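There are 2 protein chains.
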Amino acid sequence: MSFKLTILGSNSAIPKENRNPTSQVLSFDEKCFLIDCGEGTQIQLRKYQIRFQRISHIFISHLHGDHYFGLIGLITSMHLLGRERDLHIYAHENLKKIIDSQLDASKTVLSYPLFFHSISENYEGVLFEDNKICISTFLLNHGILCNGFLFQEKILHRKILSKKIQQYNVPHDEIIKLQSGNDFFCKETSKKISNEELTVPNRNPFSYAFCSDTKYNELIVDKIKDVTVLYHEATFMIKHKDRASVTNHSTSEDAALIAKKADVKCLLIGHFSQRYSNYENLLLESKSIFSNTMVADQGLELDFHQL
Amino acid sequence: MSFKLTILGSNSAIPKENRNPTSQVLSFDEKCFLIDCGEGTQIQLRKYQIRFQRISHIFISHLHGDHYFGLIGLITSMHLLGRERDLHIYAHENLKKIIDSQLDASKTVLSYPLFFHSISENYEGVLFEDNKICISTFLLNHGILCNGFLFQEKILHRKILSKKIQQYNVPHDEIIKLQSGNDFFCKETSKKISNEELTVPNRNPFSYAFCSDTKYNELIVDKIKDVTVLYHEATFMIKHKDRASVTNHSTSEDAALIAKKADVKCLLIGHFSQRYSNYENLLLESKSIFSNTMVADQGLELDFHQL
Numbered sequence: 000m001s002f003k004l005t006i007l008g009s010n011s012a013i014p015k016e017n018r019n020p021t022s023q024v025l026s027f028d029e030k031c032f033l034i035d036c037g038e039g040t041q042i043q044l045r046k047y048q049i050r051f052q053r054i055s056h057i058f059i060s061h062l063h064g065d066h067y068f069g070l071i072g073l074i075t076s077m078h079l080l081g082r083e084r085d086l087h088i089y090a091h092e093n094l095k096k097i098i099d100s101q102l103d104a105s106k107t108v109l110s111y112p113l114f115f116h117s118i119s120e121n122y123e124g125v126l127f128e129d130n131k132i133c134i135s136t137f138l139l140n141h142g143i144l145c146n147g148f149l150f151q152e153k154i155l156h157r158k159i160l161s162k163k164i165q166q167y168n169v170p171h172d173e174i175i176k177l178q179s180g181n182d183f184f185c186k187e188t189s190k191k192i193s194n195e196e197l198t199v200p201n202r203n204p205f206s207y208a209f210c211s212d213t214k215y216n217e218l219i220v221d222k223i224k225d226v227t228v229l230y231h232e233a234t235f236m237i238k239h240k241d242r243a244s245v246t247n248h249s250t251s252e253d254a255a256l257i258a259k260k261a262d263v264k265c266l267l268i269g270h271f272s273q274r275y276s277n278y279e280n281l282l283l284e285s286k287s288i289f290s291n292t293m294v295a296d297q298g299l300e301l302d303f304h305q306l
Numbered sequence: 000m001s002f003k004l005t006i007l008g009s010n011s012a013i014p015k016e017n018r019n020p021t022s023q024v025l026s027f028d029e030k031c032f033l034i035d036c037g038e039g040t041q042i043q044l045r046k047y048q049i050r051f052q053r054i055s056h057i058f059i060s061h062l063h064g065d066h067y068f069g070l071i072g073l074i075t076s077m078h079l080l081g082r083e084r085d086l087h088i089y090a091h092e093n094l095k096k097i098i099d100s101q102l103d104a105s106k107t108v109l110s111y112p113l114f115f116h117s118i119s120e121n122y123e124g125v126l127f128e129d130n131k132i133c134i135s136t137f138l139l140n141h142g143i144l145c146n147g148f149l150f151q152e153k154i155l156h157r158k159i160l161s162k163k164i165q166q167y168n169v170p171h172d173e174i175i176k177l178q179s180g181n182d183f184f185c186k187e188t189s190k191k192i193s194n195e196e197l198t199v200p201n202r203n204p205f206s207y208a209f210c211s212d213t214k215y216n217e218l219i220v221d222k223i224k225d226v227t228v229l230y231h232e233a234t235f236m237i238k239h240k241d242r243a244s245v246t247n248h249s250t251s252e253d254a255a256l257i258a259k260k261a262d263v264k265c266l267l268i269g270h271f272s273q274r275y276s277n278y279e280n281l282l283l284e285s286k287s288i289f290s291n292t293m294v295a296d297q298g299l300e301l302d303f304h305q306l
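Going down the list, the sequences are from chains A and B.
Taking numbering that gives the first Met the number 0, I'd label the letters of the first sequence as residues 0 to 306.
Taking numbering that gives the first Met the number 0, I'd label the letters of the second sequence as residues 0 to 306.
None of these hints come from the bench; they were simulated from the model.
Be careful, since some hints might not be right.
Pairs involving identical chains hold if they fit within one copy or between any two copies, as the list cannot separate such chains.
[Stated by the list, open to error] Each computed DSS-like pair below joins lysine-lysine, with the alpha-carbon atoms no more than 30 Å apart:
(1) 15 with 46
(2) 106 with 222
(3) 238 with 96
(4) 214 with 106
(5) 15 with 106
(6) 30 with 95
(7) 30 with 163
(8) 95 with 106
(9) 222 with 30
(10) 106 with 238
(11) 15 with 3
(12) 95 with 15
(13) 191 with 240
(14) 176 with 131
(15) 15 with 96
(16) 191 with 286
(17) 3 with 264
(18) 286 with 176
(19) 106 with 96
(20) 3 with 222
(21) 240 with 106
As the structure is a prediction and not an experimental result, all values here were calculated from the model.
Kindly generate the complete structure, drawing on both the sequences and the hints.
Put into structure tokens, the structure is as follows:
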């Protein structure tokens, strides 16, 4: 089951050439989740050859422009390209009014069903769930309502040992039960074969936490505990921590401390201020506290199976 | 006096990498007019090194997204960069509601005065005028309300012949009158010196007409008669004229016929459908009817003094 993150942009609010604002794609199994959608996201999708119509769910963290100004363009292009399948958007309710006013202005009736799921002011909990993944939200601390998102793969079925299945002549309809951890009762021999003899555990489920934008906030530590990958904004270097405080953003140190306390496997930092011409020092600062830090450089493809 | 057009983008609605939607900058004297503002315009401004804060007036032709989805990002970036000078926007009133709802959603109070000038439904006439330029609007035919824009430099002062000025000892305060075409009365000799002896005519004023988007519409011919440069959309090749008709767009032939009838000096075509991988055939078709046609390729800088 694929679990891959692609960074489309990780710049902060003021745009620079070749440094796009926040947007990410999480490809999971057959699904494609878009997380934030700054201006130019549809061009980035083309650049990295991710088909618009594969995107089924879009999650918008908050209504600062660098996180959603590209959404209406993407919605409209999906329509112009004749999309028919459902699109689900999860965001603060004000975004619905903004989308509607822009569709009304051009008298556009979308070619596909768009389901807007309002995230209420203080809601923390599940947004979407199926038999393979659970996506939930938690509150960040950024001056205006801002949501983090947690993508948790569900516990994977135990792996069948095919040689043992043949040896004990396990019928097909018993295999699903074995995958769920049940023992096997062999009618021919009237013996119980323990699950451990017929299966082995699968890998641990992957999980991904997206935290943008936020000031240092220890309240999130329990909510993102032990995730495989944490994306945490690190707009500023430590020397600009006063600026981080004023603007409700984090430093590279803040991001690393949260990663360390939450005991995550890997930290991705991004949303860098346009004042930094490269990210080396931000990375060094973070690595000095949490060594397994990476930069969420645009174009980065992170295959969770390779971590 | 500078009079220069820069094409920031000339693609039609569905975006392609490296082919931006419609936006143009007309630099005139000390002023900088932005015409339409598709998604990604602020990045194009950076790319072509046009400073955001130089832009004083923005004209939006209509509320299809490929002509204005980049505006809110530009407005916001001007704010984040600490702009203080006035910004004037001319567009249909619905755009004001869209801008306001997006500023409200992020609780943004702009650092500069933004004056929104609503263009009424059937208005044709002057939008802006000073002592050097007159900018007016006229109606296009595009299914939804769509405005063309005409930029007309005012008649230029006659050029003073400095040797003659010295010869007749013309005082400084009389020179302005000479520039306006008056004769000079010499008190010392009690003789009238004709204006033609002291001045020569200046060049003809420049003018620029912007027509995007529209189906073939002969009603505009009189309004753009004799302009120096006409930009006219040419979304489709002649073989796709049925598609042009259905979508209220023009073919390369339509654009050329309008240019010919209006007797313009130079025609710029743009807003090309994404189905064409290059513009050569569109250009050939237009040139066969109106030879002085150019492609409004993004990055093109057209200095009217060089035409």
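Now the hints, each set against the structure:
{"no.": "1", "hint": "15 with 46", "result": "both (17 Å within a copy, 9 Å between copies)"}
{"no.": "2", "hint": "106 with 222", "result": "between (42 Å within a copy, 28 Å between copies)"}
{"no.": "3", "hint": "238 with 96", "result": "neither (40 Å within a copy, 40 Å between copies)"}
{"no.": "4", "hint": "214 with 106", "result": "between (40 Å within a copy, 18 Å between copies)"}
{"no.": "5", "hint": "15 with 106", "result": "between (33 Å within a copy, 24 Å between copies)"}
{"no.": "6", "hint": "30 with 95", "result": "within (23 Å within a copy, 37 Å between copies)"}
{"no.": "7", "hint": "30 with 163", "result": "neither (33 Å within a copy, 81 Å between copies)"}
{"no.": "8", "hint": "95 with 106", "result": "both (16 Å within a copy, 16 Å between copies)"}
{"no.": "9", "hint": "222 with 30", "result": "within (24 Å within a copy, 53 Å between copies)"}
{"no.": "10", "hint": "106 with 238", "result": "between (50 Å within a copy, 28 Å between copies)"}
{"no.": "11", "hint": "15 with 3", "result": "both (26 Å within a copy, 25 Å between copies)"}
{"no.": "12", "hint": "95 with 15", "result": "both (28 Å within a copy, 26 Å between copies)"}
{"no.": "13", "hint": "191 with 240", "result": "neither (63 Å within a copy, 75 Å between copies)"}
{"no.": "14", "hint": "176 with 131", "result": "within (17 Å within a copy, 83 Å between copies)"}
{"no.": "15", "hint": "15 with 96", "result": "both (29 Å within a copy, 28 Å between copies)"}
{"no.": "16", "hint": "191 with 286", "result": "neither (52 Å within a copy, 86 Å between copies)"}
{"no.": "17", "hint": "3 with 264", "result": "within (15 Å within a copy, 55 Å between copies)"}
{"no.": "18", "hint": "286 with 176", "result": "neither (45 Å within a copy, 73 Å between copies)"}
{"no.": "19", "hint": "106 with 96", "result": "both (15 Å within a copy, 15 Å between copies)"}
{"no.": "20", "hint": "3 with 222", "result": "within (21 Å within a copy, 56 Å between copies)"}
{"no.": "21", "hint": "240 with 106", "result": "between (46 Å within a copy, 23 Å between copies)"}
In summary, the structure is inconsistent with hints 3, 7, 13, 16, 18 from the numbered list given earlier, while agreeing with the others.
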